[in-house]
Amino acid sequence: MSAEKGRGAGGEGRDNTSPRTSAEAVRVTAPLGAEEARSLRAGTRVLISGTAYTARDAAHKRMVEILAAGGALPFDLSGAVIYYAGPTPARPGKPIGSVGPTTSSRMDRYVEPLLAAGLRGMIGKGERSAEVRQALSRHGAVYFAATGGAGALLARHIRSAEVVAWPELGPEAVRRIELVDFPALIACDAAGGDLYQSGRESWRRA
Amino acid sequence: MREISAADVSAAVERLASEAAYHLGEEELDALRQAVAAEQSEPGRALLQELLKNAEIAAQGEYPLCQDTGLAVVFVDWGQDAHLVGGSLQSAVDEGVRRAQKAAFLRASVLGNPLTRKNTGDNTPAIVHLRMVPGESVRIVLAAKGGGAENMSRLEMLKPSAGADGLVEFVVRAVSEAGANPCPPVVVGVGAGGNFERVAELAKRALLRPLGSSNPDPELAALEARMLEAANHTGVGPGGLGGTVTALAVHLETAPCHIASLPAAVNIDCHAHRHKEVEL
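Chains P and E are the protein sequences, given in the same order. Per our numbering, the first sequence runs over residues 924 to 1129. Per our numbering, the second sequence runs over residues 20 to 299.
Here are the computed distance ranges between Cβ atoms for each label pair:
| # | chain 1 | residue 1 | chain 2 | residue 2 | range |
| --- | --- | --- | --- | --- | --- |
| 1 | P | 1015 | E | 102 | 37 to 43 Å |
| 2 | E | 192 | P | 1079 | 36 to 42 Å |
| 3 | P | 1015 | E | 26 | 23 to 29 Å |
| 4 | P | 1054 | E | 53 | 36 to 42 Å |
| 5 | P | 1082 | E | 136 | 29 to 35 Å |
| 6 | P | 952 | E | 26 | 48 to 54 Å |
| 7 | E | 298 | P | 1115 | 51 to 57 Å |
| 8 | P | 1079 | E | 279 | 50 to 56 Å |
Quick caveat, the hints were computed from the structure, so don't treat them as lab data. Small disclaimer: the values here were computed from a predicted structure and weren't measured. Ideal Cβ placement from N, Cα and C applies to all residues, glycine included.
All chains should be built: construct the whole structure from the sequences, respecting the hints.
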């Protein structure tokens, strides 16, 4: 893993007026190691491979309720990456249907307890709250942005999928997925970098 | 009197829903290609290219354009000289939506109750907007409306003193605050006038116009151009990563209103802008 330090956007006193995204993608493996997660920088293009979980609104509510009651989750959160997504049904012979990111901010209120339980990465679309960005720094975690509305393209980067919790939630059930070179950008890093903020600031004309 | 069967309505809706999920329209593809040429930020251009590639993959018929295949919003202009036989309009539309969900592998994105939040499992019911019109033909337009973009919509009862400037300011603020959430570059439907419920529908109907077409009233067309320019100055850009193409188009529709009111609504559509129509 070789996060290209100094090429990311925002954070650590870099020039916030000229955000860059790296041309070369960095390979990242999920679940994430603690050191790896801390070293990733906003603006870096990544290709994520390995094991992750899909979860969105309904599953997050359940996860946080279980943790608050002192219970154990039906899947392992240590170093885990959660993909905010609810796929279309898989066609016969395909592991999954169309599966792009959903709006991450709806999950903001659930992030802190999940990070405390070991979560180290999230994939979604859209800005995160100041609280979430601070929590990323505290826990050494990272937030990846995938392209919203590219669910067909992204589906080709998922090799397998299996429902591991709450099948009754349908598209909102938790699925364990195997990612292969899943394309994303580091949007928010553990050093306070935020590609959404810096990108937008540098192009604002009003 | 001409008879139109509920089964024909169902078949038409099924076809529209399935087509909307897999096939981006030519106008939408053109708009994305023009956006690639216009966008000044490199990550913005890369993202737009990804969307064109995504549309190519979806058109092969295995994966819908987006996992959010949307809530089916169905606009029906029913000729008053035609008689619907064999079922109610709502049940005929829902049957079409239900069949498309199964046959085209669309996501069940509808909950039976907003608070208890249990999924109905077949993407029904649809939202049906019915107008009775002269003649005996029936026009059905289906909009597959994604939740991310719909959530970023806004309605405000502006003061009449706000005027056109206030309307522009309201629209641009909605686009700016929506940021990356509605999957920009967005298509912005704006309603002004009518009343509380009319203005929301106006904004949504504005989205049904051919993408990028101008309002026939030159003053309103100029206002659309001004809102589009201002939206593209927010810096949001493709995917919200920063850039110069935040909106592909702004469509404005107006209606008469009360002397005390200036109702205003913004209905945002994502870049997929999925609308399909048919005449029966």
